[in-house]
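Student: Model the full assembly from the supplied sequences, consistent with the hints where possible.
In this text, residue positions in the sequence shown follow the working numbering: the first is 38, and each later residue adds one.
In short, the hints are calculated from the structure, not lab data.
This structure is a prediction, so every number in the text was calculated from the model and none was measured.
Careful: at least some of the hints might be erroneous.
[Unchecked claim] The calculated DSSO-like cross-link candidates involving lysine-lysine, where the alpha carbons are at most 27 Å apart (straight line), are: (1) K186 with K201; (2) K177 with K221; (3) K50 with K221; (4) K152 with K177; (5) K63 with K265; (6) K152 with K201; (7) K146 with K177; (8) K273 with K253; (9) K315 with K271; (10) K271 with K221.
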Amino acid sequence: MAPHRDQFKLLDKIVIGTTTFSPPFKASSVLHDEARFIHVVHGNSRLYVPNHQLSIQASDSFMMKCESFVNNWFENEDGSQNEVLIVHFYPDVLNYVYDERIPAIFTEKKEVNPKAVERIPLNVMIENYIQGLRFYFNNKAFVTDEFIKIKIKELILILLNSDKTGRIRAILSDLFQSNEYEFKEIIHSHLYEDLSIQDLAFFSGLSLSSFKRKFKSVFDTSPTQYIKTKRLEKAKTLLATTNLRISDIAYDCGFNDIGYFSKTFHAAFDCAPSDYRKAHVS
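Tutor: What follows is the structure in structure tokens.
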């Protein structure tokens, strides 16, 4: 089933929208001159940016600056659809919303680069804001350009007023500037995550063939071999030092198939994971 979208526009751009879709679903994109406030009405996912990842569940809200991302949405046990509400921010739309008088928050000097994505603790103000928007999606006759401008300003005020750490203020001051990442930083941030070589190439801004060549020059081996070796090394450590179930260790090390994990481990170390644990624990 194709995703169902409901949208409000300014300057012919989608600025507020809801999307309902059937998981599992993988979304990936590079946000150019765009930032987003996202509220998950229903669903669970793992959100990845070049050097960070977040586990997302229903009722979570987060702010994402101009950046590339991969979002893996998980299937719901009851087979239900997911729903997200997104407020999109663009430089020209913000200029229009604030009548060419952009507040200082969007231009103030920052001391450090903020993260590409920040979770926003749920509070009454955000809950009421979301419920209000959902009412207007069902009553579109009341929606005008001026109304949309007011709702965007309201969201900014809510974000600032609910920011206890200064992290949201930092991300708002840097909405449309992508962070810079070292190649090794991207790789090591996702060694044990459910990301493909293509995803890592995407985060690096390289084609798959260019990524493999650069990886070889940096690590002196292939991406597949390097990542497999690192995951198996971690698995060995966890088997010898923890009481975690072998299936949990496999997942923690980036293996989503227990059979494949056992086969790969045996091929590398000439023993099963359970036998390795027995030998090293005793």
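Student: Can the restraint linking K315 and K271 be considered satisfied, given a maximum Cα separation of 27 Å?
Tutor: 17 Å, holds
Student: Taken at face value, is the distance from the CA of K253 to the CA of K273 at most 27 Å?
Tutor: Between K273 and K253 the Cα gap is close to 25 Å, so the pair holds against 27 Å.
Student: With a cut-off of 27 Å on the C-alpha distance, tell me whether K177 and K221 pass.
Tutor: Between K177 and K221 the Cα gap is close to 48 Å, so the pair fails against 27 Å, i.e. violated.
Student: Keeping to a limit of 27 Å between CA atoms, is the pair of K152 and K201 held or broken?
Tutor: 16 Å, holds
Student: Can the restraint linking K271 and K221 be considered satisfied, given a maximum Cα separation of 27 Å?
Tutor: 18 Å, holds
Student: Hey, K186 versus K201, does the alpha-carbon distance stay inside 27 Å?
Tutor: Cα-Cα ~25 Å, so holds.
Student: Please work out if K146 and K177 have their alpha carbons no farther apart than 27 Å.
Tutor: Violated, because 39 Å separates the two Cα atoms, which is more than 27 Å.
Student: Holds or violated: K63 and K265, Cα atoms, limit 27 Å.
Tutor: Holds - the C-alpha atoms of K265 and K63 are around 23 Å apart, at most 27 Å.
Student: Given the hint that K152 pairs with K177, does the C-alpha gap stay at or below 27 Å?
Tutor: 35 Å, violated
Student: Taken at face value, is the distance from the CA of K221 to the CA of K50 at most 27 Å?
Tutor: Violated, because 36 Å separates the two Cα atoms, which is more than 27 Å.
Violated hints, in rising order: 2, 3, 4, 7; the structure is consistent with all others.
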